[in-house]
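Protein chains: 2
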Amino acid sequence: MNPVAGTTWQTSADGARLTVNGRAYPRPGRPVVVVCIDGSEDAYHERAIADGLMPFTEGMLARGGDLRGACTMPSFTNPNNLSIATGVPPAVHGICGNYFYDTEAGEEVMMNAPELLRAPTLFAAFSQTGARVAVITAKDKLRRLLGSGLAEGGICFSAEKADQVTLAENGIEKVLESTGFELPSVYSAELSELVMAAGCEVLERDRPDLMYLSLTDYIQHKHAPGSPVANRFYAMLDRWFERIDALGAVLVVTADHGMNAKSDADGEARVVFLSDWFDAETGAGASRVILPITDPYTVHHGALGSYATVHLPGGADREALRAKLAGVGGVDIVLTREEACERFELPGDRIGDLVVIAERNTVLGTTAARHDISGFEEPLRSHGGLTEQRVPVLVNRPVELPAGHRLRNFDAYWIGCHAAAGEPLPA
Amino acid sequence: MNPVAGTTWQTSADGARLTVNGRAYPRPGRPVVVVCIDGSEDAYHERAIADGLMPFTEGMLARGGDLRGACTMPSFTNPNNLSIATGVPPAVHGICGNYFYDTEAGEEVMMNAPELLRAPTLFAAFSQTGARVAVITAKDKLRRLLGSGLAEGGICFSAEKADQVTLAENGIEKVLESTGFELPSVYSAELSELVMAAGCEVLERDRPDLMYLSLTDYIQHKHAPGSPVANRFYAMLDRWFERIDALGAVLVVTADHGMNAKSDADGEARVVFLSDWFDAETGAGASRVILPITDPYTVHHGALGSYATVHLPGGADREALRAKLAGVGGVDIVLTREEACERFELPGDRIGDLVVIAERNTVLGTTAARHDISGFEEPLRSHGGLTEQRVPVLVNRPVELPAGHRLRNFDAYWIGCHAAAGEPLPA
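Protein chains in written order, with our numbering: chain D, 1 to 427; chain Y, 1 to 427.
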């Protein structure tokens, strides 16, 4: 795939615009900064504002856009970051989890490799037509996907590997030196703060046309909205939002997904172990349960989310299994591949025969033995389901959505570029 | 030892004053907060101010006291924290290192136990006469010494064990909850920030008469003055100093010791291995070299400092050894026990026959095999010598020292209590 095939600047009477993946973006007259707060259920910023800890954001929402939108399903990190980066759902860009089962190769594959991406990112398209682009992620897992196709000179690095950045590879150097950070732990609030600090440095110095700052949900997996640690994290973000605004950028704050408690009143995790269930129904090991939340960083969620997809053995009675599983306690809905593709705009070749979604306070596992939740110090919080689909879309400019527009987090650059060009959003 | 024997409030015509260890302290009319920035060579705050990163402190020094004083020798953490806490040198309080050789017991002993303290702290004395006292340290090693003799209701805890504080043991609870911190690593800047944040919470809520906030030199051991990480650390401190000032307290900022690079131009540590030298001179294992910098936290300095004390075997020619060692490259001075006690006010029963001090850029070790410096990512920085004796004494009130007064860091509460009582310092 040529990541920018079909991407061109279209010049119209009202100025230059770029069409990427079928959507038109005006050339922004000032930097557009999208911050994706990983796992930012809207109660987080709402509680922090109510507690007086986000004074800048409070004022920004009074003057600008205080909206809620839907994230793409599954409500996981990779699909949504790539949707924000491409402006389109997983059916188009192909990244439908952190992880999938490649039925042709017969392998389970991490969805980190740029080869798996089926559409150009806005970063690739803009940078290849001369715009300046900077992408900074907390964890390194996203860096390769988000940096795919970026033209030379574009900036793309992760805070996790900020000690290893080079001009040749990342378009930037000496990130720790310029920000004054020591390399933070990958399991820390500081990893996100480094993204914000480095982003503000780059914004001030280089004034990129598009910037993307993608944080980690380490805090949200452990701490509920309004809790002291969560409030302190959002108070920290508020200071950086203020700085971005002061630097004259259009700021769009959104999230890749929400977050909910996944435990009972005693703090015990509520888990439906799907492999155990399918082993009993279709024979030991005959069905393959894929948990697309799985990634190399499992300390804070134990690979337990509220979405799973299941590959059934040949000859299995899919309809009967679907109906029976839908009746299991804690299961929200069970869809066939076709239904899931239509409803959630997913790529059918990268999901199983069934898609299973858990209720608000339940997660899906394989077998008890394969999920080590003994190390959790706090009750499990996670995401993946329909109950984590609502995310904030906060803008430091007024936003007038076209009538009937269903707002998605991946409208972030569409909103931002129009605001930065001083243009209304088209119907 | 009764830690407050002989401590009484003396009432004079100009108000109540308390005499502790022979020095008189007026009863403060507002909180006195002493911050001991561990390892704060004065170039740290000077560079951060020059770089515009400590705007509050810059203004405070213009209006208040911008002084330099001497720390006690050896320029290590425990002796100086206890001097600040007692107002007197190690000859009186007995703590002359982190570590010493008990010649009677024939054992090497960590100097963490309250039984080793020979004088009451100001915290014990003030709290036992009804004043409110709060002591917060970064590392737990100091907590027991500094909390010795504290009356019930006094607050004393370490950030290192902030997750374990109880009202019964520490006079406070839920420190992490109220500040919104997750427990920081003992090797982090955040450990010190938690001390500052918790201190400000306690100051606002309880308004203690005396407060002591003692940080860690983790940053200073790794990062030179003016370096980005050091500057960011001091910028963080500046915000907390501003808060303490805004809460109406008298603020005295000092340090337990300075800090210098201890390496050559290539970043290679410059070490004189004293055990090797003494083995050659007095026979293998006959002399015992004690490095009083040694503590349970050695990742950042490898137990290498610029001060050592040596116990010689019976019959050794002390004068000849002293003269010969003084000529070794990197050695600054060698003193006999008696000379060191007189010059540095040390307790003679807790040091060896010789005291050895290294030059500015050199440290003293035992044998090469016993110091693992392979893990150092940055060139070694350390302290212990005369070249780390000068420390800042910064006060948010004007200070007029009596004529001829030799300022010491352990004058901190003497200065602070007079300022808080609105009294001039007595001649």
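Simulated from the structure, these hints should not be mistaken for lab results. Errors might be hidden in some of the hints.
[Claimed, not checked] Examples of chain D residues lying across from chain Y (beta carbon under 8 Å, computed):
hint, residue
1, ASN112
2, GLU177
3, PRO228
4, VAL229
5, HIS311
6, GLY315
7, GLU359
8, ASN361
Values in this document were obtained by computation on a predicted structure and should not be read as measured data. Even glycine gets a Cβ: it sits at the ideal position worked out from N, Cα and C.
Results of checking the hints against the structure:
{"no.": "1", "hint": "ASN112", "in the structure": "28 Å, violated"}
{"no.": "2", "hint": "GLU177", "in the structure": "5 Å, holds"}
{"no.": "3", "hint": "PRO228", "in the structure": "4 Å, holds"}
{"no.": "4", "hint": "VAL229", "in the structure": "5 Å, holds"}
{"no.": "5", "hint": "HIS311", "in the structure": "39 Å, violated"}
{"no.": "6", "hint": "GLY315", "in the structure": "51 Å, violated"}
{"no.": "7", "hint": "GLU359", "in the structure": "29 Å, violated"}
{"no.": "8", "hint": "ASN361", "in the structure": "24 Å, violated"}
Checked against the numbered hints given earlier, this structure breaks hints 1, 5, 6, 7, 8; the rest are met.
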